[in-house]
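Combine the two chains into a complex, taking the hints into account.
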Amino acid sequence: MGKKFTFYPGCSSQGSGQHLDTSTRAVMAKLGYELEDIADWNCCGASVGELAAGHLPTAALSARNLAQAKEQGDQDVMTACAACYLNTHAVNEEIRDNEQTKNDLNEALGAAGKSYDGSLHVRHACEVLVNDVGMDAIKGAVSNSLSGLKVAGYVGCQTVRPFAGTERGGSYDEYDQPHFLDDFINATGAEAIDFENRTSCCGGSVSVMKPDQTLHLMHKILSEAQAKGADMIATPCPLCQTNVEMYQDKINKKYGTSFNIPVVFHTQLLAVAFGLDATKDAALNQNIIPADKLKAKAK
Amino acid sequence: MNAISPNPTQKYDLSFARWVRDNIDGGERMNMCMQCGVCSGSCPLSDQMDLGPRKIFQMVRAGMKEAVLKSNSFYQCVSCYNCVVRCPRQVPVKYILHGLGRLAVQEGYQPKSNVENARFADAFWWSVTTFGKTDERLVTAKYYFSGGLMNGIKLGLGNLKTALGMIKTKRMHLGAPHKAKNRGELKAILAKAVEIQARHEGEA
Numbered sequence: 111m112g113k114k115f116t117f118y119p120g121c122s123s124q125g126s127g128q129h130l131d132t133s134t135r136a137v138m139a140k141l142g143y144e145l146e147d148i149a150d151w152n153c154c155g156a157s158v159g160e161l162a163a164g165h166l167p168t169a170a171l172s173a174r175n176l177a178q179a180k181e182q183g184d185q186d187v188m189t190a191c192a193a194c195y196l197n198t199h200a201v202n203e204e205i206r207d208n209e210q211t212k213n214d215l216n217e218a219l220g221a222a223g224k225s226y227d228g229s230l231h232v233r234h235a236c237e238v239l240v241n242d243v244g245m246d247a248i249k250g251a252v253s254n255s256l257s258g259l260k261v262a263g264y265v266g267c268q269t270v271r272p273f274a275g276t277e278r279g280g281s282y283d284e285y286d287q288p289h290f291l292d293d294f295i296n297a298t299g300a301e302a303i304d305f306e307n308r309t310s311c312c313g314g315s316v317s318v319m320k321p322d323q324t325l326h327l328m329h330k331i332l333s334e335a336q337a338k339g340a341d342m343i344a345t346p347c348p349l350c351q352t353n354v355e356m357y358q359d360k361i362n363k364k365y366g367t368s369f370n371i372p373v374v375f376h377t378q379l380l381a382v383a384f385g386l387d388a389t390k391d392a393a394l395n396q397n398i399i400p401a402d403k404l405k406a407k408a409k
Numbered sequence: 177m178n179a180i181s182p183n184p185t186q187k188y189d190l191s192f193a194r195w196v197r198d199n200i201d202g203g204e205r206m207n208m209c210m211q212c213g214v215c216s217g218s219c220p221l222s223d224q225m226d227l228g229p230r231k232i233f234q235m236v237r238a239g240m241k242e243a244v245l246k247s248n249s250f251y252q253c254v255s256c257y258n259c260v261v262r263c264p265r266q267v268p269v270k271y272i273l274h275g276l277g278r279l280a281v282q283e284g285y286q287p288k289s290n291v292e293n294a295r296f297a298d299a300f301w302w303s304v305t306t307f308g309k310t311d312e313r314l315v316t317a318k319y320y321f322s323g324g325l326m327n328g329i330k331l332g333l334g335n336l337k338t339a340l341g342m343i344k345t346k347r348m349h350l351g352a353p354h355k356a357k358n359r360g361e362l363k364a365i366l367a368k369a370v371e372i373q374a375r376h377e378g379e380a
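Chain order of the listed sequences is X and Y.
Here our numbering is used: the first residue of the first sequence is 111, the next is one more, and so on.
Here our numbering is used: the first residue of the second sequence is 177, the next is one more, and so on.
Treat the hints with care, since some could be wrong.
[To be verified] Now the in silico label distances, taken between C-beta atoms and shown as ranges: (1) Y:L325 <-> X:S253: 54 to 62 Å; (2) X:G366 <-> Y:A317: 29 to 37 Å; (3) X:K403 <-> Y:G378: 42 to 50 Å; (4) Y:Y188 <-> X:H231: 39 to 47 Å; (5) Y:G351 <-> X:N254: 49 to 57 Å; (6) X:N254 <-> Y:H376: 25 to 33 Å; (7) Y:H349 <-> X:G366: 29 to 37 Å; (8) X:T367 <-> Y:L350: 27 to 35 Å; (9) Y:V370 <-> X:E181: 36 to 44 Å; (10) Y:Q282 <-> X:S253: 53 to 61 Å; (11) X:T389 <-> Y:S289: 40 to 48 Å.
Since the hints were derived computationally from the structure, they do not count as laboratory data.
Even glycine gets a Cβ: it sits at the ideal position worked out from N, Cα and C.
The shape of chain Y in the complex, shown without the other chains (with noise of 0.2 Å):
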């Protein structure tokens, strides 16, 4: 005897795929993914993700909001592109969890002192927007203490044997950061930039 199908009250809410689709680079792809799995069998660090890219999307479909952006799957990603390359539907998965992984954070489900990516990204751009370029070693610095001031001696600590020998083959230089020279052009385009992306997140 064949059971009888449940008949499901609860209707799919699609306001947040929605959402992600108009808002999230890449999120206009998104409804192509068929839930074959290959992105997640391909991920390096799949395995220490709680959902992984093909639930995370099925569940944004779903509307589950809350429960995708509290994921830690975000934070997990190596931009290896694997993903990316990979998927016979050509949804940009990387992308996509990179744009739901700020989201994250800018709407307050991952606190900012968990989340190490957050942390390390904010430093990161600090020395961008700074110096116009990457100090690799104010980066790291300002990264190891973004978690307190004993993480930072920790962490300092431990990877001492590390910048001597950075040092010692003059790849970590002793002196002031390197800077791009129209630093004050830079900033004028970045803070354009983020008006221009304030201003289409507001029309959304």
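Excised from the complex, chain X in its bound form (with noise of 0.2 Å):
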């Protein structure tokens, strides 16, 4: 206990996902972590910055932040946005393993008189919870059961595509079937279900530019937590959160359903689980579709 971080908040944070980064950092507090942010964080690029600039300006942002990480110290960069993990890791783990990135990357950040060596450890704040903070510890904080809520577990794809059960990605957990986050949720108190769609793509941001090419998978996911009697969703992924949530209109008009499934962050769980406060850390008045059981629970 009592380790620092430093905290990549990410662009969602500001916006759609600020939900995820309230309940991220109270729930962290509570399980005895300090978190400090980079000082001035800029966009990772997300999954569409290489389709508009290329690789190299898209790898040199994600260059930016970790340069600013280390001048803060040798401590361990984390963040809880999948999309921001995903960019940051990729791109540290390329400083380290290509002399030609690493070079590149650093003549870009001479522009600025920065440099970056490629020595700090990029890691997804799930990976935290499971390999430093542990089961027992989660476990041992919970002082306000969940028990009696059914929650499907959304895992979603860049949580742990690609990163998750690699070495330098903490091999804390497998592609296809994760059990993590059925793990956090169990150790609320809750019930997970066995959800087949915890990996299934809500699409991403091809969902927020086209969604009439994704509805489909959206209602697949939905369609499962719904007839498996899921009282809600729980994600760790931002954009999971937001499409899943806020497309559950269009799939009514489109597939004559009536969904209407409260869609909440791990973190927003675990923090109504540690008895922490409904809104200022558990900030469940940010769900668009308020998950009034969980709230009900809240102390």
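Structural data, given as structure tokens:
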């Protein structure tokens, strides 16, 4: 306990994913961890940066964040956003493994008098919960059991792919049927349903730009959750949370369904189970489809 | 009786495959592809792709540059990384597709007006270079109107309820964009990276 991380909040932390940011900070503080933000962080490039600008300029975004993180110390860099993790970790790996990229990125950083040697370790908040905190400590922090709630653990894509099973990704779970999210849910006292679509894609940024092509993907996810009697869906990914929540209206129109399933972050569940404040810590006021059954459990 | 095998007169033109190998991120592993189709079979949107990754890789090898770069496949990619983790030959499929998609737009094989992803990516990159951050509101608005005024109004109205929900839950703020502080520094780094990238592309 008492470990410090340099924290990369990412753009969604100031927009659609604020409730992930708030609840992550609350949960990590409760578990005894200190998060110090990268002082002047910028966007990671998400999924579409490369299409607009190519690989190197996109990688330069993460390189600047990493160079700043390094100026703040050698502690590991942690982020809760799936895309931020994927880009920042991938660029860090490339700087370690590819001399050419390392030189190119340092030449780019040099334009601002910065440099970065690849010596930091970039980690996803879920991996930190599994490997550093551990399930026992998580269970130990639960003071307010969520028993009676049935939750569909929806992991999505980029949280686990492509790094969850790799050594430098912490080897904390597998790609197709990961169990860490179910473990978090069960640790709170809630019941994780056997959710086959746990790593099915929500459509990612394609859902933002042309949802007509991806509504069927989200329909499949919601249908299973509903058929299996889930009270809500829990996910660690900010884009999954927004997509699966905000498109339920459009899906209902297209498929004649009547979905109104709350989609929360795993950290919102944990915050409530840790006995933290429903609004200030769990940010339950920021779900468009209110998670009333979770709110009712809050202290 | 055995059929007589044909004598092909057309030879494979490997120049495009070599270019992809040397210039596209991940392209150096493309020659490991053994045409098993796990990538296309794992892709959540392959049914909406005219070719799919497996065919694209073989067509690159066959030198079919124009047919490849006119494909719609690149712009259906949802970045789920199923293809990347499942490929038994460690071909970074997603990265190669994104690289080819950018090339297709750059070389005019895909008119930007037809490629939603290219317009979305431009709106996104504008926000990143201007503010240092993604302003979800402005990226979405800029993207909506990149397809024309009427298209923008139609999309805006169609998503009004969602926008109001986001504002009500304070996931969309109404003030000035959130900005990185030292944007001059970021701009200098990005300009240099663009310059280095162009230098490498010129070398190839």
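A quick look at each hint next to the structure:
1. Y:L325 <-> X:S253: 54 to 62 Å: 55 Å, holds
2. X:G366 <-> Y:A317: 29 to 37 Å: 31 Å, holds
3. X:K403 <-> Y:G378: 42 to 50 Å: 60 Å, violated
4. Y:Y188 <-> X:H231: 39 to 47 Å: 44 Å, holds
5. Y:G351 <-> X:N254: 49 to 57 Å: 36 Å, violated
6. X:N254 <-> Y:H376: 25 to 33 Å: 56 Å, violated
7. Y:H349 <-> X:G366: 29 to 37 Å: 35 Å, holds
8. X:T367 <-> Y:L350: 27 to 35 Å: Holds, at about 32 Å.
9. Y:V370 <-> X:E181: 36 to 44 Å: 24 Å, violated
10. Y:Q282 <-> X:S253: 53 to 61 Å: 56 Å, holds
11. X:T389 <-> Y:S289: 40 to 48 Å: 45 Å, holds
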